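Reminder that position 96 of the sequence shown reads as 96 in UniProt numbering, one-by-one numbering, no gaps.
Hints in this document: simulated from the structure, not taken from any laboratory. Just so you know, these numbers come straight off a predicted model, no measurement behind them. Each residue gets a CB set at the ideal place from its N, CA and C atoms; glycine is no exception. Please note that a few of the clues may not be correct.
Now the in silico label distances, taken between C-beta atoms and shown as ranges [as the list claims (entries may be wrong)]: (1) Arg43 <-> Lys12: 13 to 23 Å; (2) His69 <-> Thr18: 29 to 39 Å; (3) His32 <-> Leu73: 30 to 40 Å; (4) Gly82 <-> Met1: 28 to 38 Å; (5) Asp16 <-> His69: 16 to 26 Å.
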Amino acid sequence: MEACPVSDDLLKRLLDATLNAVSDVGYQLPEHQRAALAVYCYRRAHFRRLGLSLASLCSQQALVMEAGHAGDLIYRQASSAGLSTEGDAAGRTAKSGKPPVSLYVV
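Required output: the full structure, derived from the provided sequences and hints.
Below, the structure is given as structure tokens:
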């Protein structure tokens, strides 16, 4: 079983985060660790969107160093997925153009 490259607490924070918060937390990690976490999450179906979000913050070289050809494919998929963390459209759904509803309780 593959070990998670970050602490369980940090992984939980990322899973609970919005797309903008993912980039804030992701950029705090060294690029090699960010790429390792992107690959780790991408390989799990229930974390795949988080993996692509993190991969969009990585260079192609870092992802290829981490996962070889699979890293290149993840980079291309993240680039074409349009997981931008900037602008008003970042939190909007493709179908309705409305922001998604969050049930997050503070």
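Here is what the structure says about each hint:
One distance hint, 13 to 23 Å for the beta-carbon pair Arg43 and Lys12, holds here, with the actual separation near 18 Å. A C-beta distance of roughly 31 Å is found between His69 and Thr18, which places it inside the suggested range of 29 to 39 Å. Between His32 and Leu73 the C-beta distance comes to about 19 Å, which lies outside the given range of 30 to 40 Å. A C-beta distance of roughly 32 Å is found between Gly82 and Met1, which places it inside the suggested range of 28 to 38 Å.
Roughly 32 Å separates the CB atoms of Asp16 and His69, a value that falls outside the hinted 16 to 26 Å.
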